[in-house]
Amino acid sequence: MAAAERGAARPTGDNRTSRRRRRRREHCLRTSGLEPGAFPGQSLRARAHVGLGRREASSGAGGRPAAVSRGRGVGRRCENRVPRGAACWGPTPRRARQFLCPEASGDYFEDPGRKGKGWRRPRALFRLTLLARPVKAECSVLYFWVSNLEGMGEFKVHRVRFFNYVPPGIRCVAYNNQSNRLAVSRTDGTVEIYNLSANYFQEKFFPGHESRATEALCWAEGQRLFSAGLNGEILEYDLQALNVKYALDAFGGPIWSMTASPSGSQLLVGCEDGSVKLFQITPDNIQFERNFDRQKSRILSLSWHPSATHIAAGSIDYISVFDVKSGSAVRKMIVDRQYMGVSKRKCIVWGVAFLSDGTVISVDSAGKVQFWDSATGTLVKSHLISNADVQSIAVADQEDSFVVGTAEGTIFHFQLVSVTSNSSEKQWVRTKPFQHHTHDVRAVAHSPTALISGGTDTHLVIRPLMEKVEVKNYDAALRKITFPHRCLISCSKKKQLLLFQFAHHLELWRLGSTAATGKNGDTLPLSKNADHLLHLKTKGPENIICSCISPCGSWIAYSTVSRVFLYRLNYEHDNINLKRVSKMPAFLRSALQIMFSEDSKKLFVASNQGSLHIFQLLEGSFKHLHTFQPQSGTVEAMCLLAVSPDGNWLAASGTSAGVHVYNVKHLKLHCTVPAYNFPVTALAIAPITNNLVIAHSDQQPLPNDKTLLYNPLPPTNESDVFRRRTAHAFKISKIYKPLLFMDLLDERTLVAVERPLDDIIAQLPPPIKKKKFGT
Amino acid sequence: MVEEESIRVVHCGGSELNFRRAVFSADSKYIFCVSGDFVKVYSTATEECVHILHGHRNLVTGIQLNPNNPLQLYSCSFDGTIKLWDYLDGILIKTFIVGHKLHALFTLAHAEDSVFVITNKEKPDVFQLVSVKLPKSSSQEIEAKELSFVLDYINQSPKCIAFGNEGEYVAAVRDFYLSVYFFKKKTTSRFTLSSSRNKKHSKNNFTCVACHPKEDCIASGHMDGKIRLWRNFDDDKKYTYTCLHWHHDMVMDLAFSVTGTSLLSGGRECVLVEWRDAAEKNKEFLPRLGSTIEHISVSPAGDLFCTSHSDNKIIVIHRNLDASAVIQGLVKDRSIFTGLMIDPRTKALVLNGKPGHLQFYSLQSDKQLYNLDIIQQEYINDDGLIQIELTKAAFGCYGNWLATVEQRQEKETELELQMKLWMYNKKTQGFVLNTKISMPHDDHITALCFCNAEKSEIPTLVTASKDGYFKVWILTDDSDIYKKAVGWTCDFVGSYHKYQATNCCFSEDGSLLAVSFEEIVTIWDSETWELKCTFCQRAGKIRHLCFGKFTCSKYLLGGTEDGILCCWNLLSCTLEWSTKLNIRVMEPDPYSENFAAVSQSSEGSDLFVFKPSEPRPLYIQKNISREEVQWGVFVPRDVPELFSSEAHQWLNRSQFYFLTKSQSLLTFSTKSPEEKLTPTSKQLLTEESLPTTPFYFILGKHRQQQDEKLNETLENELVQLPLTENIPAVNELLHTPAHVLPSASFLCSMFINSLLLSKETKSAEEIPDDVDMEEEKESDDSDEENDFTEKAQVTSDPGLEEDIIHQLSKSEEKELRKLRKVDYSWIAAL
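Top to bottom, those sequences are chains A and B.
Quick note: the first sequence uses our numbering, first residue 1, plus one each step.
Quick note: the second sequence uses our numbering, first residue 1001, plus one each step.
Some hints could be false.
[As the list claims (entries may be wrong)] Each computed SDA-like pair below joins lysine to any residue, with the alpha-carbon atoms no more than 20 Å apart:
#1 K1184(B) / S421(A)
#2 K770(A) / K1283(B)
#3 K1185(B) / S418(A)
#4 K1214(B) / Y1181(B)
#5 K432(A) / K1238(B)
#6 K770(A) / E1280(B)
#7 K737(A) / T482(A)
#8 K1101(B) / F1149(B)
#9 K1203(B) / G774(A)
#10 K1238(B) / T482(A)
#11 K772(A) / E1280(B)
Quick caveat, the hints were computed from the structure, so don't treat them as lab data.
Make the full structure from the sequences, and use the hints.
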């Protein structure tokens, strides 16, 4: 199917949307040059290990890697903002001297370091060796590690904007104070675990399921994660093996709310039928204990008193307070339906919070935040903060501040401040509003130092509280996480194909091409448009975990939770034949990462039991070669793979353990790189030298903010000393929209997949209209 | 004979009422505001000025109630003194001499013997907040030299300082920071907002600050219209604030209510906003307050607010956001185009007032009489909007006609002109629009004048314009089959060699019209509109042109831009005399031959009073004002004074008022300011101390009506009003609860008897019969009122009779009580 056809087949919105779509579909080829930029002061840490066989490289006392020296002047620890995902080596790495940035057209170009001077057109040709996508998608910063300084040349860049990916909206957020981790569930049932200490890295994820709409998420008993949803089931997740441990029906209809007791030993769920059910958490299961007094309508929110003697349950139009011992409702607090003097529809209590002094805070659909005295059942104070629903509330552990999120996209911070400095009397005061969302804020969380919010507009926003932050640095800055920290795109270099992974289907596109040439910065007209070759839909309700296309373009593999699929592609002019390779071995139930070797002869599959399988691909069939079993005692899943270009080495990394390197020829474990205290975000093995490069999520800026970044100078008319002094390994380009993927097709062609945030917002339902002054 | 003193230039009212926040008395009965060198005490109920506290010798800059005695008032001034007043009696109690220029004053309840002032001690633009210890002493004038420094580098305006939580801390704002000084800890916390240098277009400068009366909460207003509520500010790290944003322009002032439950804010939008519970969603508005809110203050009793506005008015507002009283001074916030005029009927000063209005300002009572809406369009208060301006106005035919010119010029070529002619309506006692002429000329109208001759039968108006023409407009019959009407039409268009017409003037008898065309003066016969003769002096464009009066009516005076004053003899058509004088203002006295001319020189302005017949001036006063004098006018006196000395004689029948560039209204006087208090205002003082009974309000209404009648008849003698409250019969009647009152017939008889008493001194025949009859016809049921008015007319001189009333009424009352049983129903039958 061609791109144009596909675009026409989509439901067309108003003119603006369709124009946006057109822009998104546009696939332009642009020549690019090299442009230096300022180094922003953050990057992921990349560790360059000495090539395979020289294993002592990083066995320093503190586990810190020693510097690597390769060729001339490469002896610096190279910093790279590399997330988990594809990292690849360019063909001829000789010197790692320059970071390169391909420059496309001038319209996005802004060089803050050289304002007013204009940018100097680079003359040197750089070859790309390591390439990565940025974690911080919103700032579209790109870091390249360039190996070759000699020669002159330019890049052709495919700027792909037809990856029509919309992340699902965030439904629940649960913060775990012990491990400083954040669990986020999305509307498609995906659950993601973010490690807040590891620079907000999304270290684990559980793929979604069509029938599992998560409505509640909570941590219990230390680090066990539970979720409940509208299918009436309570799920527990296995954080080691990355799968669902078990699902248990609560037999109360759809579950709207769930909360763990302060001790973490009990679980409380609120159901559609108005029942509140108490479950006891056993070491490997949960057990139903009893029902509380049944209410008239669904229980939308639940909160434990910190002493675990009472609970508050928010329903429609009222809040009930239960005595845990007797299970009976002791108070019923009717919430006012009035909205600005007009009786609105039923008032839904979206959230309750029980404080240790007996105060119940409720947020409701009339836009109110109300404080109730649970002992007397009376309303103490009411704050009308929004014209729309207030949908979520989260209280800090110290109970001195809480945060609420509204359907208008605003989150409000409330703080407990003393009335006067010399009296002990304190009052709750609404302080700052934050508007980081355009749509409903469905979930909020309050970590000790930050307010976390997520909603329909798919962003996870982490707003640090400045008064709690000790040092004002990059860590204290606002974070907005939109895209998953894993690769959704794979590329076939030979056939110039891109495989896009969606939740329930895969799309195969052939890149367009151009015959035109142009100057640096020109936009080249396409002689052939990008083609939509294939739309592959999965069967069943499960989401796709991972997918891959072979470098030759003739194999596609993907995996869901229950099965791994392999397809053989045959190209006959414009027609494609797709043939499924049946008879996948029974032990291969699901895969976390799939990878093809460079020659497309081998298939590497990291399964969620922690084992690695190697398959030999033949014409139309395959053969299981070997399985690397996980080391005894560990069940940790491997979720990152890297294959050396010569196909001899395979590196695999789990979420926390070190990186294992396997010899594919001899089918044995070659070595294990010691674990570092930050998770691995990307792996790559350099061609020829077979050096393994590992990127970690901690962001120690290696060339610090004060390091001057130099323009690549013309190599001919300057002395070598001067050149070496002014040349720098880092170049930054800020011309791109949020990038999801970047790869080198050949020595002179880059492909970059952009996903502008505006396009995502345009695909969301319209936000609540707010009157803006002057309009 | 009046004691001869030297003539001084004095301020004569019209001073700013909105310079500082107004202050309420503890019982909310009075409101105090600074007004030039004085402090004025107004009644919040009646809007009357009750007292003027004078004693300061320079601008009063701050007033505060004495926290230890709410019947006393502190005031501070640029003259370096702090004065303590008893405002009820208007007595100066004490004067504390500080010695430095004082810019603002603050008092605190707990700091008993000290007050806080803003001074600039060392450098002229570095202001400090200092506390002044007021020594206890019995003497009248005490030196208060014990100053202790509190805060430095503060804003000069008192709006930027606020004391909070019973004086535990003081908050000061300036530019981009808020500093809070804690008196107990003796520490200062400073909170800085990111300045506009960091952020583009962010105008978050602090403009004002207020402290919550009960809680540790500081509200600050900002240039961008935001209000920030600061809390936890005793901790440099944990401080937090929240924003309230409704204003789109800068927040001019903030005030917390007495209990702190609501916050009031105001600004350029002319809307008073009440934020309840400091919540963004819970706010109330009082819109359409007319002009920018400069200050907001709250009464200590909590029942009233007041807002001071840029158009020199104070609005007293009830707790439920109802404007209850307006104290309007001379509107001065805009430029004066029309100049000063005198309404021939009310003798009020007329000039530009509120946007699009003419204000009628009574110089006698120093208050605004009324506003006449000329432009009759909604005024939109916004920056950069080009408004319609009222540029010219003239009264004609003894106040029967008023001509106004309004213009709006957006671009050089787009001129919108409109001339309106207003007729005085005797019934409604106001001006009614009669004729509207759009684009009377093609260019700016430079002058307009009525023919004010006594014998002229047709009202005539002449307009001169830059387009080179002067037009004569006459009143013609505009009746049709529906109604009888009159209207104005153009009668004659004259020009002279296409020169711009700059001035026009009718001679006293209306027979001649003088029109100046740049440098040339042309004389036209007003009967035939023939050009009679021309005068040309070649000394620059004619700026002023005026005929002489009475014995000097054969002279024509002209002042030119090059500083030559010429006097032409119309009989001989020659230049009588000329002198070099750079005239800014030239005004004729309507009651004499005198002219007043104000000349401008580098040192200041000088006044010359002269007669056209004599080249030697009658009176010269040098340096009457340092500023440029923009407008002047002779105001006829109510009572002619008799100055014997020749130099003062020009002040006998009229007084010369002038307006300087900074819009201070000044005049010449020989008397001390105390003597200037008129008998009416003195009487108001006595009445103010009387109890406010229901009767009092009825009386007040009648008095207003009578005032108007008085003005209308132009009678100079003052009609004193009866003090009916002192009649015991009436007192008893009004103070007895309704359910124990006897029937109406008894009351009627009581009334009539009590009224009969006063007739003993004046013969009953003086009551005009027709009035009596009319009133009975009008309303039979409201006996009380009728009786009262009757009495009001009869007892025209209560000052003399007060004692008699007292004595007789007591004995009479006894009689009345006896007579209650007697049937007086026959009186009702009358």
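Against the structure, the hints come out as follows:
no., hint, verdict
1, K1184(B) / S421(A), "holds (12 Å)"
2, K770(A) / K1283(B), "holds (18 Å)"
3, K1185(B) / S418(A), "holds (18 Å)"
4, K1214(B) / Y1181(B), "holds (17 Å)"
5, K432(A) / K1238(B), "holds (13 Å)"
6, K770(A) / E1280(B), "holds (15 Å)"
7, K737(A) / T482(A), "holds (13 Å)"
8, K1101(B) / F1149(B), "holds (15 Å)"
9, K1203(B) / G774(A), "holds (18 Å)"
10, K1238(B) / T482(A), "violated (31 Å)"
11, K772(A) / E1280(B), "holds (15 Å)"
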